[in-house]
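Novice: Now for the letters of each chain:
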Amino acid sequence: AQSVTQLDSHVSVSEGTPVLLRCNYSSSYSPSLFWYVQHPNKGLQLLLKYTSAATLVKGINGFEAEFKKSETSFHLTKPSAHMSDAAEYFCVVTPNTGTASKLTFGTGTRLQVTL
Amino acid sequence: GAVVSQHPSRVICKSGTSVKIECRSLDFQATTMFWYRQFPKKSLMLMATSNEGSKATYEQGVEKDKFLINHASLTLSTLTVTSAHPEDSSFYICSARAGRGGETQYFGPGTRLLVL
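So the protein sequences, as listed, match chains A and B.
Those letters in the first sequence? Residues 1 to 115, per my numbering, in order.
Those letters in the second sequence? Residues 1 to 116, per my numbering, in order.
Chain A with its partners taken away, still in its complex shape:
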């Protein structure tokens, strides 16, 4: 079994300040973890993924996330927020196995960026 908990449903930051979106997971198997971003009325875009290689993962648009097994966390960070970062962010887990597997989505965190 696997699950994802996004600890904040809504985060508001000022432009130019750091972003932290929190995600905790549970998985019976060694997991693959993803962060996706969704802008209004759009599909999901992959920001970054962890698949058992380096624990610090760098993604697009300056985002990065660190896989911490001891804390079962995969928090998303960005040093300096931009107005265009305002969107919904989903943390996603899937078993890192060789068989067909399904994604389990968190409930999402809405990031608001203010001037």
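Simulated from the structure, these hints should not be mistaken for laboratory data.
Errors might be hidden in some of the hints.
To be verified - Once the Cα atoms are required to be at most 16 Å apart in a straight line, the calculated EDC-like pairs of lysine to aspartate or glutamate come out as:
(1) B:LYS66 <-> B:GLU87
(2) A:LYS102 <-> B:ASP65
(3) B:LYS14 <-> B:ASP88
(4) B:LYS42 <-> A:GLU88
(5) B:LYS20 <-> B:ASP65
(6) B:LYS41 <-> A:ASP8
(7) B:LYS42 <-> A:ASP8
(8) B:LYS64 <-> B:ASP88
(9) A:LYS42 <-> A:GLU64
(10) A:LYS49 <-> A:GLU66
(11) B:LYS55 <-> B:ASP65
(12) B:LYS41 <-> A:GLU88
(13) A:LYS42 <-> A:ASP85
(14) A:LYS42 <-> A:ASP8
(15) B:LYS14 <-> B:GLU87
On the provided structure of chain A, position chain B as indicated by the hints.
Specialist: Same frame as chain A, now just chain B:
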């Protein structure tokens, strides 16, 4: 690379009619495609998983006779909402994956369905 398209992006139909939504992987062969439904301000709910050339596997609570899925080729899957009703109005998103393991799923831009 790894682009997934959906057509149409938006559709309005009358209650009782059927609507077909196409999902295409443009630059890779998708062994597996997934169909999700997203309610307003909610997360994605997996409806079904389809592997090319075989019957789709539906999630619990999803009516297979209402949501017909066909994955006839490695680049195309279709979702047909049969006899649509207003409660079927939603945002439908497909995704595609090249392999069968933990590889990345690439998502289409979604289709907004409004049933009047």
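Novice: Tell me the hint numbers this structure goes against, listed in increasing order.
Specialist: As far as the earlier hints go, 2, 9, 14 are violated by this structure, in ascending order.
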